[in-house]
Amino acid sequence: MSAACRRTLFRFLVAVGFWDASSSLPAAEKVPSPGPVREYAREHEVSGVSISPDGRTLAYQVGEDRSWVLQFRDWDSGKVTTVSAGAAPGVPLWLGPDRVLYGRGASVDRTGRNAALNGPAPGMVLFHRFAGARSDEVLAQAHEMPVPGAYQEHYVPRFSHVDRINTRLGRSIREVENPGQIVLWLADRNGAVALGVRDDGTRHAVVRQTEPTGAWAPLAGLDDILYRVRVHGLSGDGRTLWLTRPDEKGRWALYAYDVAKQGFAELLLAHDYFDILPSLVVAPRNHELLGVRWLAEKPGTFWLHGELAGVQQALDKALPGTVNHIVSLSDDLQRMVVLAVSARNPGVYFQFDRAKVELKPLFAVRPWVDPARTAECQPVRFVTRDGLTVHGYLTIPAGSEAKQLPLVVRPNAQFWARAFWAHDVFNQFLASRGYAVLQVNARGSSGYGDEFHRRGRRRVGREVQADIADGARWAIAQGIADPQRIAIVGEEEGGYSALMNVVQNPGLYRAAVSIDGIVDWPRQMEHAGGLHPALLARAREMIGDPSADLAELSDTSPSRHVDRIDAPVLLINGNAGTTSREAARLFAAALRQTKRPHEIVAKFDDLEGLLVPRQRADVLARIEAFLGKHLPAPRAARP
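Read in order, the letters of the sequence shown are residues 869 to 1507 in the numbering used here.
Keep in mind that the hints are not guaranteed to be accurate.
What the hints assert, rightly or not - In silico BS3-like links for lysine-lysine, alpha-carbon gap of 27 Å or less:
#: 1; residue 1: K1166; residue 2: K1228
#: 2; residue 1: K1185; residue 2: K1129
#: 3; residue 1: K1166; residue 2: K1271
#: 4; residue 1: K1497; residue 2: K1471
#: 5; residue 1: K1185; residue 2: K1166
#: 6; residue 1: K947; residue 2: K1271
#: 7; residue 1: K1271; residue 2: K1497
#: 8; residue 1: K1224; residue 2: K1185
#: 9; residue 1: K1185; residue 2: K1228
Stated by the list, open to error - Ranges between beta-carbon positions, derived for each pair:
#: 10; residue 1: T1070; residue 2: K1166; range: 51 to 61 Å
#: 11; residue 1: T1070; residue 2: R972; range: 32 to 42 Å
#: 12; residue 1: D1092; residue 2: E1476; range: 36 to 46 Å
#: 13; residue 1: T1257; residue 2: E1079; range: 22 to 32 Å
Calculated directly from the structure, the hints in this document are not laboratory data. Where a beta carbon is used, it is the ideal one built from N, C-alpha and C, also for glycine.
Take these sequences, add in the hints, and give me the full structure.
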């Protein structure tokens, strides 16, 4: 980072376009015929394009379901070499200029020779750029498993050790023994494990090993950071820790922390309205901080590296209408992989050569998708019954006016996450069937300031649900939604919201779909404690205490109000293990006892669950038929 950047306070306000029902809309497009369900159930065809350190070769994985291969593509000639062993979705990691780690732990030279299947999966790797004789080695998390109390096929890896693994030989030695409760490790550019984040369930702390005892002790000011500070990365020299915390306006901002002096050094990036929830872009060779990916209404990148900022401007000019991410860089920063995405376009990869000023298309991640036939997504906002401004996203079917449409309200799958502008395959599926889709970032969602987030704590069964219902009523008041054709569809915590919204808002919804939804908070708390005590501790803080708040948790559980559900319900359960199976089975039994229209899809004991395309296609078909029965869209769906 330049000295000028270090001295500069980067605060800015981005102009965003919100939905205005009084504004003119673009002319209606021709209504495209809906694609077959299987197209929306398929995975991305291309996964994780990564450029070699010397910029000569691209590595990526191509396939579907269980049939994946690794491919190398020569930058200049376009010649492709295919490796079939060990590939799986994910981003390949270049161990050096000539060898890559990929898939489930396979490694191979870029010539396609000297394959080995003995390494860790790339997602477990902490560091992967050792030099010289150690170039085949990586540092990787090593978990003790299974976690007691979890289902046999699912476990929650929490406290990992760090192993040094030779990916070619499969040999490993313990590099760092977890002293207890470390959930995140940070290494410098030489592969030295410098810091850890300790989590005891109720407190977080950033710790480092001290001399002479070797004990792991907290850094000053970072001994109790849960809900106060988030850790994002460590500089290559190990001197600077990149953290976010709320600024004076209550917005999460990116700061530098001086590890040697043990104090916050400077504010790097802040926004007047949105939280900075960053993904750091670091130089592949020395781990210098180059830029910050972040979210406003749409995603973007703020570059600290002046030359790359110029590259970004040139890319955005050459590729208008898409958000253009530089996703991989050669060591000299001269060659790069660019992913161009939008709400209508799931993504196209390009290669860009700075020296030649040459931009070439590579491939689309979902080549069967025609962006001209997909639906646009617009940011929206509305004011709730208690005066709070809430944001969300509205997807309108291609070729349709935003008037009197059947509407699917889609709560977030996690209360504390947020929806954002992107190509969402499920939204596109619903839009292709003629439904508008409204996503509501209810209070508690991240991204809109610390106060907005805190308003959702321990209120997930009350005001959070009211915000979602107010979003549906806003769409009705604007004339966007037909009040007789509104459904609510959610997954996991969003599945809970789908059921609870029907309970609390009689007459508003004509149908509800819950996918692996939480139905009983007391049983869910017990389930979380069985997975790991830290999960229960976090749930106590964010949802409620299963003892002190038992009455409230029970009263805001759909299982206690089955008799108040006045809309048809489609209940879908897989084997993900994130929600209580016992509670789901009891809820399904209670539904069967009522005379309410309902359908139940239970795949608890199916090892494939809802993960593979075949199963996803079946679920999408069931949802399509269910919604078509209870709030038919104005266009006929293709079988």
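Structure-based check of each hint:
1. K1166 / K1228: Holds, at roughly 25 Å.
2. K1185 / K1129: Roughly 43 Å between the alpha carbons, so the hint for K1185 and K1129 is violated.
3. K1166 / K1271: holds, 25 Å
4. K1497 / K1471: With a Cα-Cα distance of about 23 Å, the restraint between K1497 and K1471 holds, given a limit of 27 Å.
5. K1185 / K1166: The given pair, whose Cα atoms are some 17 Å apart, holds under the 27 Å limit.
6. K947 / K1271: violated, 51 Å
7. K1271 / K1497: Between K1271 and K1497 the Cα gap is close to 21 Å, so the pair holds against 27 Å.
8. K1224 / K1185: holds, 17 Å
9. K1185 / K1228: holds, 15 Å
10. T1070 / K1166: 51 to 61 Å: violated, 36 Å
11. T1070 / R972: 32 to 42 Å: holds, 35 Å
12. D1092 / E1476: 36 to 46 Å: Taking Cβ atoms as reference, D1092 and E1476 lie about 43 Å apart, which means the hint holds.
13. T1257 / E1079: 22 to 32 Å: violated, 52 Å
The structure fails to meet hints 2, 6, 10, 13 from the earlier list, while all remaining hints are met.
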